[in-house]
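Asks: Sequence:
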Amino acid sequence: MKSRQAEFDKGHATLNKLEKACLSECVMDNYGNDKRVKMHDLIRDMVLYVTSIGSHVMVKAGMHLREIPNKKYWTEDLEMVSLMYNSISEIPADTSPMCPRLSTLLLSSNHCLRRIPDTYFMHMGILQVLDLSDTSIEVLPNSISELEKLTVLLLRGCRRLRSVPPLTRLVALKWLDLCDTRVKEIPQGMEMLINLTYLNLYTPDLEFFPFGILPKLRNLQVLITYGASKTFMIKGQELAALTKLECVSGQLCDVHDMNIFTFSIQDRGPVAYCLRVGEYPCTRIEEEKESFGNLVILSRCIVREDELVLPNDIQVLELHDCQGFASICEIFSRNCATSLKSCRMSGCGDMECAFQSPLSSPSESLELLVLRNLENLLVFYEGPAATVPDSTFTNLKRLAIHECRKIKKLFTPNMQLHRLEDLEVSYCDQIEEIIEEHSINRDSVINFPMLRSLTLRRLPNLKTIFMGVIHCDSLQVCQVFGCPKLKRLPFSLLLLPKSLERICATREWWESLEWDQPNAQTAFQHFFGTDLRCSNF
1228 MKSRQAEFDK GHATLNKLEK ACLSECVMDN YGNDKRVKMH DLIRDMVLYV TSIGSHVMVK
1288 AGMHLREIPN KKYWTEDLEM VSLMYNSISE IPADTSPMCP RLSTLLLSSN HCLRRIPDTY
1348 FMHMGILQVL DLSDTSIEVL PNSISELEKL TVLLLRGCRR LRSVPPLTRL VALKWLDLCD
1408 TRVKEIPQGM EMLINLTYLN LYTPDLEFFP FGILPKLRNL QVLITYGASK TFMIKGQELA
1468 ALTKLECVSG QLCDVHDMNI FTFSIQDRGP VAYCLRVGEY PCTRIEEEKE SFGNLVILSR
1528 CIVREDELVL PNDIQVLELH DCQGFASICE IFSRNCATSL KSCRMSGCGD MECAFQSPLS
1588 SPSESLELLV LRNLENLLVF YEGPAATVPD STFTNLKRLA IHECRKIKKL FTPNMQLHRL
1648 EDLEVSYCDQ IEEIIEEHSI NRDSVINFPM LRSLTLRRLP NLKTIFMGVI HCDSLQVCQV
1708 FGCPKLKRLP FSLLLLPKSL ERICATREWW ESLEWDQPNA QTAFQHFFGT DLRCSNF
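Per the working numbering, the sequence shown starts with residue 1228, numbered consecutively.
If you are wondering where the hints come from, they were derived from the structure by calculation, not from laboratory data.
Here a beta-carbon is modelled for each residue, glycine too, at the ideal position from N, C-alpha and C.
Be aware that one or more of the hints could be misleading.
[Unchecked claim] Below, computed lysine-lysine pairings styled on PhoX-like, alpha-carbon distance capped at 25 Å:
{"no.": "1", "residue 1": "Lys1298", "residue 2": "Lys1265"}
{"no.": "2", "residue 1": "Lys1714", "residue 2": "Lys1633"}
{"no.": "3", "residue 1": "Lys1299", "residue 2": "Lys1401"}
{"no.": "4", "residue 1": "Lys1229", "residue 2": "Lys1471"}
{"no.": "5", "residue 1": "Lys1229", "residue 2": "Lys1287"}
{"no.": "6", "residue 1": "Lys1457", "residue 2": "Lys1229"}
{"no.": "7", "residue 1": "Lys1401", "residue 2": "Lys1411"}
{"no.": "8", "residue 1": "Lys1247", "residue 2": "Lys1262"}
{"no.": "9", "residue 1": "Lys1635", "residue 2": "Lys1714"}
{"no.": "10", "residue 1": "Lys1624", "residue 2": "Lys1636"}
{"no.": "11", "residue 1": "Lys1635", "residue 2": "Lys1725"}
{"no.": "12", "residue 1": "Lys1237", "residue 2": "Lys1462"}
{"no.": "13", "residue 1": "Lys1262", "residue 2": "Lys1298"}
{"no.": "14", "residue 1": "Lys1401", "residue 2": "Lys1443"}
{"no.": "15", "residue 1": "Lys1471", "residue 2": "Lys1237"}
{"no.": "16", "residue 1": "Lys1411", "residue 2": "Lys1457"}
{"no.": "17", "residue 1": "Lys1265", "residue 2": "Lys1237"}
{"no.": "18", "residue 1": "Lys1471", "residue 2": "Lys1443"}
{"no.": "19", "residue 1": "Lys1635", "residue 2": "Lys1624"}
{"no.": "20", "residue 1": "Lys1462", "residue 2": "Lys1411"}
{"no.": "21", "residue 1": "Lys1714", "residue 2": "Lys1725"}
{"no.": "22", "residue 1": "Lys1262", "residue 2": "Lys1299"}
{"no.": "23", "residue 1": "Lys1244", "residue 2": "Lys1262"}
{"no.": "24", "residue 1": "Lys1229", "residue 2": "Lys1244"}
{"no.": "25", "residue 1": "Lys1376", "residue 2": "Lys1457"}
{"no.": "26", "residue 1": "Lys1262", "residue 2": "Lys1237"}
{"no.": "27", "residue 1": "Lys1443", "residue 2": "Lys1462"}
{"no.": "28", "residue 1": "Lys1725", "residue 2": "Lys1633"}
{"no.": "29", "residue 1": "Lys1299", "residue 2": "Lys1265"}
{"no.": "30", "residue 1": "Lys1443", "residue 2": "Lys1411"}
{"no.": "31", "residue 1": "Lys1462", "residue 2": "Lys1376"}
{"no.": "32", "residue 1": "Lys1635", "residue 2": "Lys1712"}
[What the hints assert, rightly or not] If you anchor each label on the Cβ, the simulated ranges turn out as follows:
{"no.": "33", "residue 1": "Tyr1300", "residue 2": "Lys1247", "range": "31 to 37 Å"}
{"no.": "34", "residue 1": "Phe1490", "residue 2": "Thr1458", "range": "39 to 45 Å"}
{"no.": "35", "residue 1": "Phe1490", "residue 2": "Glu1412", "range": "28 to 34 Å"}
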């Protein structure tokens, strides 16, 4: 079909029809996360019976086989064979099945399989799909190089495999998966795979991609190289040459390559991307808890406001040990980024404020913000408090500030943080206020209707969270540790959080608190505990 998305849509439509006809059923994986599709055992038995009548199909999946089926099963009429999920450890050296009509051979998840005879595929001239995933294969037979009709070659999870035979004659190949192998070099003849649409090189030992090969793979729709070695880089101009690209993950050399990629996708259809730029990042993409979508990680780059160009549909941005900008707004001075959901920054020594007036559009879409080890960060927002638009930070759900040792205060009372769910501030030596006063008295009330978790840790100069009262009906957990100067909680008996489950702190600190109302400590005593619970960040 014309696009990978069209293939997915067609596939899902087919699966939905099978499910409605009760020929398949939806199940969850063992972790209760991914929805999958399986065939009912009775339906499967019936299908296997029907297909076995003409002897065109041999299915012996999951039957605890220790050896390959003997010669009598390998007839010349065989078209499809599945021997997956068995315990086959070796295929005898004299084995070379005469199966001229065989189109599909599935040997995946035979975890003990280490060797296949060199001539094994000699008489499988029209083989189209070969799946050796999750085996212990060490060397692929050279006869694979003769499979000119092969369209799918799956080697995912073959952790002992270090090389692939020449692919020069496999011009029909559309899908090549080398994920989690130990392949060290690009297979010889890769430039001849002009029909390739899917290429997965997520393999840690692969160090170099020869310049000039990628543009020849003009039909490539999916390119995955993230997870290759630290030296495995892709040039922006080579990505730009792949006009049919729909999904890409990998590492670009520098900001210039990032810009080339951004400009190349502006006039195309949607392109999904997961890119790191610069030196190998200190935070791995796999550790990203959120699944917002399009992701860019910049590490040890110089990021000036007139240089970096990010795609408008970026959803996750991370900057680690980057220099050249004083605020987040500077980064987006040339970028709309109206879809940005998550932003993490660490070790960016030139950053002095998170946001400044006038505010850029990403502040309106942002849901997660983590600022860590920003040694020169002085304020969260710089500018007149009255200039903060009502729409600013209205979608912010989670905010964490760690090891920003110069910042003294966070919010102004007029910031509309109505969707904030989790707030964590830790190891900020000079912070004195969470919400600055501005002549606020103790009768003033601000609303945090969605706040569920408040964590304050190792803030030696923190004096107040808020001078008035915080109304937060959704609050479940409040944790305060290492804040000796904080003597008051901004809660009132009249506005007692209805969802409150626990207040975690040391007993010494708890008994030193001052309360606005005589019976307040007694009322809150029920929620107090000394156990330190892990935060969400």
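Asks: Confirm or reject each hint.
Replies: Hints and how they fare:
1. Lys1298 to Lys1265: 31 Å, violated
2. Lys1714 to Lys1633: 22 Å, holds
3. Lys1299 to Lys1401: Distance of about 32 Å is beyond 25 Å: violated.
4. Lys1229 to Lys1471: This hinted pair holds, its Cα atoms lying about 9 Å apart.
5. Lys1229 to Lys1287: Judged against 25 Å, a Cα distance of about 35 Å means the pair is violated.
6. Lys1457 to Lys1229: Not OK: Lys1457 and Lys1229 at ~34 Å, beyond 25 Å, violated.
7. Lys1401 to Lys1411: OK: Lys1401 and Lys1411 at ~22 Å, within 25 Å.
8. Lys1247 to Lys1262: 16 Å, holds
9. Lys1635 to Lys1714: 17 Å, holds
10. Lys1624 to Lys1636: 19 Å, holds
11. Lys1635 to Lys1725: 31 Å, violated
12. Lys1237 to Lys1462: Since the Cα atoms of Lys1237 and Lys1462 sit roughly 33 Å apart, the hinted pair is violated (cutoff 25 Å).
13. Lys1262 to Lys1298: Outside the cut-off at roughly 39 Å; violated.
14. Lys1401 to Lys1443: 14 Å, holds
15. Lys1471 to Lys1237: 19 Å, holds
16. Lys1411 to Lys1457: Measuring from Cα to Cα gives roughly 13 Å; hence the hint holds.
17. Lys1265 to Lys1237: With Cα atoms ~18 Å apart, Lys1265 and Lys1237 stay inside 25 Å; holds.
18. Lys1471 to Lys1443: Holds: Lys1471 and Lys1443 sit about 12 Å apart, inside 25 Å.
19. Lys1635 to Lys1624: This hinted pair holds, its Cα atoms lying about 22 Å apart.
20. Lys1462 to Lys1411: Roughly 20 Å separates the two Cα atoms, so the pair holds.
21. Lys1714 to Lys1725: 23 Å, holds
22. Lys1262 to Lys1299: 39 Å, violated
23. Lys1244 to Lys1262: 16 Å, holds
24. Lys1229 to Lys1244: 22 Å, holds
25. Lys1376 to Lys1457: This hinted pair is violated, its Cα atoms lying about 35 Å apart.
26. Lys1262 to Lys1237: Holds - the C-alpha atoms of Lys1237 and Lys1262 are around 18 Å apart, at most 25 Å.
27. Lys1443 to Lys1462: 14 Å, holds
28. Lys1725 to Lys1633: Violated, because 35 Å separates the two Cα atoms, which is more than 25 Å.
29. Lys1299 to Lys1265: Judged against 25 Å, a Cα distance of about 30 Å means the pair is violated.
30. Lys1443 to Lys1411: Since the Cα atoms of Lys1443 and Lys1411 sit roughly 21 Å apart, the hinted pair holds (cutoff 25 Å).
31. Lys1462 to Lys1376: 31 Å, violated
32. Lys1635 to Lys1712: 14 Å, holds
33. Tyr1300 to Lys1247: 31 to 37 Å: 35 Å, holds
34. Phe1490 to Thr1458: 39 to 45 Å: 26 Å, violated
35. Phe1490 to Glu1412: 28 to 34 Å: 31 Å Cβ-Cβ, so the 28 to 34 Å window holds.
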